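S.K.: Keeping their order, the protein sequence lines are chains A and B.
All the letters of the first sequence, read from the start, carry residue numbers 0 to 950 under numbering that gives the first Met the number 0.
All the letters of the second sequence, read from the start, carry residue numbers 0 to 64 under numbering that gives the first Met the number 0.
Worth double-checking, as some hints may not be accurate.
[As the list claims (entries may be wrong)] Some chain A residues near chain B, calculated using beta-carbon distances under 10 Å:
1) Gln-92
2) Thr-93
3) Pro-94
4) Pro-588
5) Ala-601
6) Leu-605
7) Asp-609
8) Thr-613
9) Leu-614
10) Met-625
11) Ser-633
12) Val-793
13) Glu-899
14) Ser-901
Source of the hints: derived by calculation from the structure; they are not laboratory data.
A quick note: this is a predicted structure, and the numbers were derived from the prediction, not measured.
In this text, a Cβ means the ideal position worked out from N, Cα and C, and glycines have one as well.
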Amino acid sequence: MAYEPQADFGTPQVASETRVTLTIDGRSVTVPQGTSLMRAAALTGGSIPKLCASDNLAAFGSCRLCLVEVDGMRGTPASCTTPAAEGMTVHTQTPRLQKLRRGVMELYISDHPLDCLTCSANNDCELQDQAAAVGLRDVRFGYAGENHLGLAADTSNPYFDFDPSKCIACSRCVRACDEVQGTFALTMDGRGFASKISAGQAGDDFLSSECVSCGACVQACPTATLQEKAVKEIGKPERSVITTCAYCGVGCTFRAEMRGEQLVRMVPWKDGKANHGHSCVKGRFAWGYAQHKDRITAPMIRESIDQPWREVSWDEALGFAASRLQSIKAQYGARALGGITSSRCTNEETFLVQKLVRAGFGTNNVDTCARVCHSPTGYGLKTTFGTSAGTQDFDSVEHSDVILVIGANPTDAHPVFASRMKRRLRKGAKLIVIDPRRIDLVRSAHIAAEYHLPLQPGTNVAVLTAMAHVIVTEGLADEAFIRERCDWDEYQDWARFVSDERHSPEVLEAVSRVPAADLRAAARLFATGGNGAIYYGLGVTEHSQGSSTVMAIANLAMATGNVGRPGVGVNPLRGQNNVQGACDMGSFPHELSGYRHISDTATRALFEADWGVTLDPEPGLRIPNMLDAAVDGSFRAIYIQGEDILQSDPNTHHVAAGLKAMDCVIVHDLFLNETANYAHVFLPGSTFLEKTGTFTNAERRIQMVRKVMEPANGMEDWQVTQALANAMGLGWNYTHPSQIMDEVARLTPSFAGVSHARLDEAGSLQWPVNEAHPDGSPIMHEAGFANGKGKFVVTDYVPTDEKTGPRFPLLLTTGRILSHYNVGAQTRRTANTAWHPEDLLEMHPTDAENRGLKSGDWTRLASRTGETTLRLLVTDRVAPGVVYTTFHHPATQANVVTTEFSDWATNCPEYKVTAVQVMASNGPTDWQEDYEALSARSRRIAPEIPAEAAE
Amino acid sequence: MDVAHLTLMANQIARNFAVQGDERAAAATAEHITLFWDPRMKAAIRAGGGADLSPIAAAALSRLD
C-alpha cells in the first residue's frame, strides 16, 4: 500500500451494549454509549482538529484544539472528553470554533521552530497538519518572546532522538509510557511555561533512564520531538507492508515502512490482534541485523572443518550437500541422517524441512528448537487437555481477576503482552508470582504482586502440589466443573494424592523454601478470587520435571474450574516467534503435523498417499539423542535450518563433540553462527523481511509474514530447502509458499480452513480452523476438552539428580533480558548492545560478601560440566544460594556450564538448575580462549583466486 | 548409544510413573519408550544387560517387543 499513517479516531473504542444516536454536522451517527464526540465525528468521516488526543490513549483534554459546539450546552467543550449522548446536535466547524482554534494554534506555533522544510517530520507531522486544518495564516505574537527553541536535543538513545525545542507539551509521550507500555519512565517536569518532558530524574537522559525503548512515545509524538534516527537519516517512507515480527512468541504485527528497497521503520499495526498497536525495543527497532556486515549471502562449502570456507555457486553447494547426504545414506542407512527445523522460520519453511527429512532422507530424525524450550508443554497439555497448545487469546487477560505467573518473566521475554497484563493489574486484578527471582512484575510502577513465592529452583511440582493440597483439603475445588468436564474417578485419585499430609505446604516448605502461610494464602486467592489465569514460561518447562509441572498447572486450572472461558486458562508464553507453529507443523520426531503420532497407520497413510513415499513408522531421534548417536557413530549428517545448537543447547562440550563427529553438517542461516564452526556446507538464509509465509504465535494465532524486500541471498528459505530436495532428486515444484500452506491444510485437520487468501481476508486466524470452527478458536475447550474429558494426572515431586554439595554449593538458573533475543545472533548485531553488552552473573549480597566479590568483578562460574568467566552483578533479586545469568553472548557461553539432565518425558534440558561454584577470576578460562581461536579459524573464507589472464 | 545414559533416562521415566503403582508404572514406562524412543535407543538399552535399571524400568523393558 502507498504510505499514509493509520487512521486515528482520537479516543479509544468503547465496549458498550447501549447505543446512542446523535447528529454531527448534520450527519446522523449511532455509537456505543460512552464514545467521545471526537470519535463519533471521526466515524462519520469528519475530522476534528486535535493534538493531545490519540485513540490508544485515554482522553486528556489539554490541547484545546478539539473544541466543539453542542446545541443546548454552554461554551465550547472539548470533543475528546465529552461523551456522545442520545439526541445531541453537534457542530464541529463554525466560525466561532475556527477563531478559537486559530488562537490556540498561534500560541503553539509562537514557540515552535519554523523549520518545516528541513524538519525530518515534514509532511508527516500532526502539528503541521493541524495548523493547516485550522487555517493558520499568521502568528500575531511574533517569535521573539521567551521560548524553548534553544534547548539541546537528547541523542543518547541509539534509535530515537528527543528534541525538546519541538515539544508542544501535549503529554502524549508520557501517557503512552504510562497507559500503553506501563513503565512510567517519562514525566512532565515543571509547570506552566517551564513544563518539560523528562525521562526520570534531572540527571537522566533517555538511555540511562528507566525507559525500555518500546517506541510508544515516538509513535505518540505529534511532532518531530521524538523521532526515529532512521527517519532523519533516510527520509519519510513512501510505502508500507503489513507483516509479523520475527522475535518472541507474542507475534506483533507491524507496518514495515519502506523507501524503495530500504526499510525506514517498523511501526506497530493498530489492527494487529496480538499487539493492538504496541511494540517492544526488539520488534520496533532491532532489525538492523538484516543488513549487518556479518551476514553471509553466498553459499559456501569445505571438505573438512579445519579448512577455510570456499564461496561457491548454489548449484555446487547443493550438489555437494546432496552428494554427501546420499553417500552417507547409502553407507549407513537413512537413520544416520536428520534435520532440525527452526522456530524462527515460517510454518511453510518448517513444514518443508520436516517433509525433506521424512520423505526425502527417509527417516523421522527431525526435531526443532522447541525440544529445548516448550516440548514439555506439548506433552503435558496433550496428556491433560488433549491438545498441545495454550487455551486463550491474549485479550483474555482483560477478564482475569487473579493472574498466576510461574517460571516466566513477561516484562523481559514477552514485553508487549506484559504491558497488557500490567494494564489489567493496574485495573485491580491480583497477581501471584512463583519464581526464584524477584522479577520486575513482583514490584514495579503501580504493580505489586499479592504474593511472591520465591521457590528453590527445581521445586515447581512441590509448590503446585502444595497449592492443590490447600485447594482440595479446604474444599475450594470447583466440583461442579470437574464433574461436568473431567473424569471424576481420575479427579478423585488425584485429590486423594494431593490431600496427603506429606503434600501440605508446611511439610513441603523444607523442600521449596516457600513460607507455608504465603503458599496457603496464594492458593486460596487463586481458587476463590474469580477468573484465574495461569501464565508460564521456560522456568516451568526447562526442568527434569518440566512435563510434570505443565500437567500440575493443568490440574490446578481444572480443579478450580478455570478453563474454557475468557479470563482463565493455561497460557504457555512461547519463547520464539514460531515455536507454536514449528510444533504444529510436525517438527517433532514422533509426530506428523497436527500432533498425530507417526505410528498411527491411518495418519501415515494420508501423508504417504500425498507425498508418494513410504514413511518410517518408528519415532526418530530428538536433538540430544542425535548428538549422543553422533558421538556413537550411528548418526552422521544433519541439516540445520535457523538454529544455533552449539550456543543454545546444554553442555556445549558435548554438542561440539557430536557435531565434530558428523560427516556432513549443513547450516542454513543468516550468519556463520557458532554451530557453523563445525559445518561443511553453509547455505545462506533470508530474513523475515525477505520472505512470504506465516508464523503462529503463543495464542495459536496464524498471521501472514509478507516479503517487503528481495532476499539478499537470492532465495527465500523455503526455496533453499526445495532446491536441496531437488538436488537429491525429489522433484518438488512449489512456486509459492501458499501452495505449501494448502498442503498443510489438506493434511492437517486443525488447519483445514487455513490458506493465505483466508488469512489476508481475516487478518489472522487461531487454530483449530475447520468445519467446526470456520473462523478459528480464540478460546479452547469452551464446551468440552479435545479428548472429551479433562484428565487429571497425578504428578509426584521427584527431586532433580543435579545436587548441590560442598564443591558446588550454589544453584545457577538462566534466563533472558529485554534487549536481547535467545542466543543474541540477531540482537547482538544491533544497537541493543547499548543496554546489555555482556552476560552478567547475578548473586545475592550475602553470597558475594562470603566470597569477597563485588559488582563488576570477573568471576569464574564452574559446574560439574564445565566453567566459564563473566562479570558479577550483586543484587537481592536472587535469593541466597541462587545465581542467575543470561545466555545471549557466545563469549560467555553459559551453556558450557549447564548439564545434560533433562525432562523425563521429553528430554527438554534442565537449564534452570545447575549446581555451581563461583569464585574470583582474573580472566577468561582456557576454554574461552581456545574457543575464540577456534571461531576465528572456523570463520576463515578463502580469498577468490583470480582467473588467469588470457594470453 | 551410551547405555548408562539410556539407563538413566529409563529410570527417570519409571520414577515419574512410580506413583501409579508398579504394574501400571511399568506399562506406562514401556508405552512411553515405545512412543518416544528411536529404534537404536531401544535396541541399545535392551542389549545393555539392564544392570542398573530400576525394577519398574526393567519390567517396562521386558514388555517391549
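S.K.: Run every hint past the structure and note whether it holds.
M.R.: Okay, the hints, checked on the actual structure:
| no. | hint | in the structure |
| --- | --- | --- |
| 1 | Gln-92 | 70 Å, violated |
| 2 | Thr-93 | 74 Å, violated |
| 3 | Pro-94 | 78 Å, violated |
| 4 | Pro-588 | 7 Å, holds |
| 5 | Ala-601 | 17 Å, violated |
| 6 | Leu-605 | 19 Å, violated |
| 7 | Asp-609 | 24 Å, violated |
| 8 | Thr-613 | 16 Å, violated |
| 9 | Leu-614 | 14 Å, violated |
| 10 | Met-625 | 9 Å, holds |
| 11 | Ser-633 | 6 Å, holds |
| 12 | Val-793 | 5 Å, holds |
| 13 | Glu-899 | 8 Å, holds |
| 14 | Ser-901 | 8 Å, holds |
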